[in-house]
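Participant: Chain residues, written in single-letter form:
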Amino acid sequence: MDIFLQQLVNGLVLGSIYALVALGYTMVYGILGLINFAHGDIVMVGALVALSVAQALAGSGLPAPAVLFLALLAAILVCVALGVTIERAAYRPLRRAPRLAPLITAIGISILLQYSAALVWGKQYLSMPELFKPGAVVVAGAQVTDLQVFIFLLACAVMAGLLWFIKSSRVGRAMRATAQNPEVSGLMGVNIDRVIAFTFLLGSAVGAVAGVMIVLYYGIGHYFMGFMLGLKAFTAAVLGGIGNVAGAMLGGLLLGVIESLASGYIGDLTGGVLGSNYRDIFAFLVLILVLVFRPGGIMGEHSGERA
Amino acid sequence: MNPRLYSTIALALTAVALVAGCAPDDSSVKIGSASPLTGSQAHIGIDIRNGVQLAVEDLNAAGVEIGGKKVKFRLIAEDDEANPTKATTVAQKLADAKVAGVVGHFNSGASIPASRIYSDAGIPQISPSSTNPKYTQQGFKTTFRVVAHDDQQGPTLGRFAVEKLKARSIAVVDDSTAYGQGLADAFSATVKARGARIVAREHTTDKDTDFKAILTKIKGRRPDLVMFGGIDPQAGPMVRQMAELGIKARFIGGDGMQTPNFIKLAGASAEGVMASIPGLPKDQMPGGKEFMAKYKAKFNSEVELFAPMGYDAVMVFVDAMKRAGSTDPAKFLPEIGKTRYQGVIGPIAFDEKGDLRNGPITIYVVKGGKWEPLETVVPGAKPAPRAARKKK
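Residue numbers (the working numbering), protein chains in the order written: chain L, 1 to 307; chain U, 1 to 392.
Treat the hints as calculated values from the structure; they're not laboratory data. Worth double-checking, as some hints may not be accurate.
Below, a list of computed lysine-lysine pairs in the DSS-like style, where the Cα atoms sit at most 30 Å apart [unchecked claim]:
(1) U/Lys296 <-> U/Lys30
(2) U/Lys164 <-> U/Lys367
(3) U/Lys367 <-> U/Lys264
(4) U/Lys370 <-> L/Lys133
(5) U/Lys192 <-> U/Lys164
(6) L/Lys133 <-> U/Lys264
(7) U/Lys30 <-> U/Lys134
(8) U/Lys331 <-> U/Lys69
(9) U/Lys367 <-> L/Lys133
(10) U/Lys207 <-> L/Lys133
(11) U/Lys70 <-> U/Lys93
(12) U/Lys93 <-> U/Lys134
(13) U/Lys141 <-> U/Lys72
(14) L/Lys133 <-> U/Lys248
(15) U/Lys370 <-> U/Lys166
Over the 10 Å line for every Cβ pair with chain U, so calculated as not near, a few chain L residues [claimed, not checked]:
(16) Phe152
(17) Cys156
(18) Val184
(19) Met188
(20) Asn191
(21) Leu231
(22) Thr270
(23) Gly296
Built from N, CA and C at the ideal position, the CB exists for glycine as well.
Only chain L is shown next, with the shape it has when bound in the complex (with noise of 0.2 Å):
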């Protein structure tokens, strides 16, 4: 029971950061009816930034949090520059070309921040230096370190502020209302730009707080880990419901419990035939059947035109 639970909070904290990166695939899907494919990249830039600003001062002697926050500031400034110069010069002049156009720049945009991160960091693994010594405290023999408790809460703290923000906000009700519907948004006085550009942002920020809590969490950052990650977001997305920033959430954290409890248990449920070694069978397992029997995703609506 007590390993159950441990891979339980081991999903829960994957799953975290799984729907912080999947709300950026959804946001700019719910707006653009575009599927982002470089926003994997996206959050792999903001990490190796935080990698980068938290290995420069691990050594200055400035107290841990600090460089935390310094490092976390500089991957946000990064993705939201990349992000909305992205939009401005890749998605912006394809807004009105067939859907294929856009999707393919994505791809293109996808290469293009890898190989220019290799160039930037080199193709090696990079180590994140340990700011905080793990401390632990035991659950029901369950071992939680302050690290997974700190990330969830900051996950928690983020979307909720994300779903306020979307609800509430004069700029979230003009990102919903150029959801459903841009030319009569535009006509009530939306300014439909500036609204998309803003959504980027968003996505870009959550992206980079979603680096910065893997090169944490795993304490290792490489210039090809957007990519995987951005597929198993993209998955927990559509889990959720694509367009849904709820959905994102819910979707991510689903995903992440699924693989954790999978790749635990894989092995003793088939004998040792398959190993933990195929847990991302899982990930795209999920995905096929959402598609095939709930295209809508647990929270879209079935109206068929946004999934």
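For chain L, the structure is supplied; the task is to place chain U on it using the hints.
Facilitator: Okay, now just chain U, sitting in the frame of chain L:
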């Protein structure tokens, strides 16, 4: 960054030399080097290439005569990206370039598929580092290696775990590669035969960095030792995540994780981790001190792992050429098997399969943030006192 820069420059120069067409010197003998020069294992691959380059430069500086003719050597370094498919492409490229011999590849998973191409072309291949037993068991006359293989390394590690560490319940993880799985299987067989229990047998991949699920499962089985067959980019985070999950078991692995990079990636959790590596400790190699100084002066970095093996591999080729009086692979290939060469790494001789005879294996432990040699075992020749009973 620096070694990468060097590799880029070296590759660029090679490319320029090739494109320029008017090959610098047609009588020069080409030595191929094949290892990952990019990717997560680049630091190890570049290390090998540097060793080969150093050997070529030393030979050219000293001046070598073969069959009464002055001979110059030229390095052709290729990047196999640690990828089995790319390895065959690279092998074909080297074969087409008519190299006299190939030092490589680094990964067993690359050396094995590439060896067929070298065998067909009649080009001798010496791997500085591939430890999967299958590499030399394919019936090719061209395959050699200058390291002990996993059927020697795995059991040595296993004996050490059971006899010295007194491990009774052991969890075994591998990275699903030819190398990692081979090592882990050989280890498992030995510890089982010696009465220890394998309480978990898990697999990950050579690209993963999240091992929480596997480790949590392992935690539930309460092992006193965790063994990992794989490379440092996985071993580092794995050790770190073990500490976070509060697993107190000791951690042991093979040569793929016995690198400075492992300690960087694992951070403070690296302390006390053990790993075996074929060969003597760098500074206990007969030519080690001198080699390391030379390497440092040339490349301004420390020897990572297999540079001395790469260096010696070239010397073994040239030694065989001298005895055959020819640089033609068809003529000097039979001589390689008869090698009796005193290299940087110690005496080099091959058995009938092309494996290194009596390759020593050293077990290291991380102490104060550095790998310190703990114990050296020579399988066959001079077994450790209590380990004399059995050899697979």
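Participant: Could you tell me which of the numbered hints above are not met by this structure, giving the numbers in increasing order?
Facilitator: none
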